[in-house]
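Colleague: Knowing the structure of chain A, use the given hints to seat chain B on it.
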Amino acid sequence: NAGVMQNPRHLVRRRGQEARLRCSPMKGHSHVYWYRQLPEEGLKFMVYLQKENIIDESGMPKERFSAEFPKEGPSILRIQQVVRGDSAAYFCASSPPGTGKGEQFFGPGTRLTVL
Amino acid sequence: GESVGLHLPTLSVQEGDNSIINCAYSNSASDYFIWYKQESGKGPQFIIDIRSNMDKRQGQRVTVLLNKTVKHLSLQIAATQPGDSAVYFCAPTRQADYKLSFGAGTTVTVRA
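Chains as they are written, first to last, in the working numbering: chain A, 1 to 115; chain B, 1001 to 1112.
In case anyone wonders, no lab produced these hints; they're calculated from the structure. Model, not experiment: these values are computed from the prediction. Every residue gets a Cβ at the ideal spot worked out from N, C-alpha and C, and that includes glycine. Keep in mind that the hints are not guaranteed to be accurate.
Label pairs and their computed distance ranges (CB to CB) [what the hints assert, rightly or not]:
{"id": "1", "chain 1": "B", "residue 1": "Q1060", "chain 2": "A", "residue 2": "Q17", "range": "40 to 50 Å"}
{"id": "2", "chain 1": "B", "residue 1": "N1027", "chain 2": "A", "residue 2": "E68", "range": "24 to 34 Å"}
{"id": "3", "chain 1": "B", "residue 1": "A1078", "chain 2": "A", "residue 2": "E72", "range": "44 to 54 Å"}
{"id": "4", "chain 1": "A", "residue 1": "R14", "chain 2": "B", "residue 2": "R1057", "range": "23 to 33 Å"}
The following block holds chain A by itself, in its conformation from the complex:
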């Protein structure tokens, strides 16, 4: 059973470009979470999604950031018009259906660098 997969692992963008980060949850998992980790800091919750639904996006910046988890395909975290402050590691986690609580399994992360 493959774990949570994220791609790309590394992404370099210039200021003003768009960044698209993809996350495929573990097989059988229907809950997806996105977290951001700045250097020397812990992970900060961004958004919680179920298939075709955003459950909680309270950790998402109000502008430029969006997330989706379509019926088919991976979850996408989209950052428009990136700025240097968006440089960070973005982690996706998934959990089994039912409660959306408890243990979350993390992917290897996407490291975004904005030049």
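Modeller: Here is chain B on its own, set in the frame of chain A:
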């Protein structure tokens, strides 16, 4: 949100010795606590969890102690090995919640 702190940002341990990593939390409503290990370039990996109705839980080479009175928990690693070198995060949360809050982590370095 939850405020999480760790007593020591770094910990250097001799191989074979026991490691103790401490974590303080502020939200008395937290009733579920998870420890994660993050190796360089990887995502956090679940180590062990404990619920508030317990004060001790043991896993393979790891023990978590919870003191709700002082809002403190610790992770003990027995016979520390080079593969234990990583950043360790505690994540206090609530069983009714899904958001995880991580502190800055403790970087454990194992000396040969």
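Colleague: Which constraints among the numbered hints does this structure fail? Numbers only, ascending.
Modeller: 4
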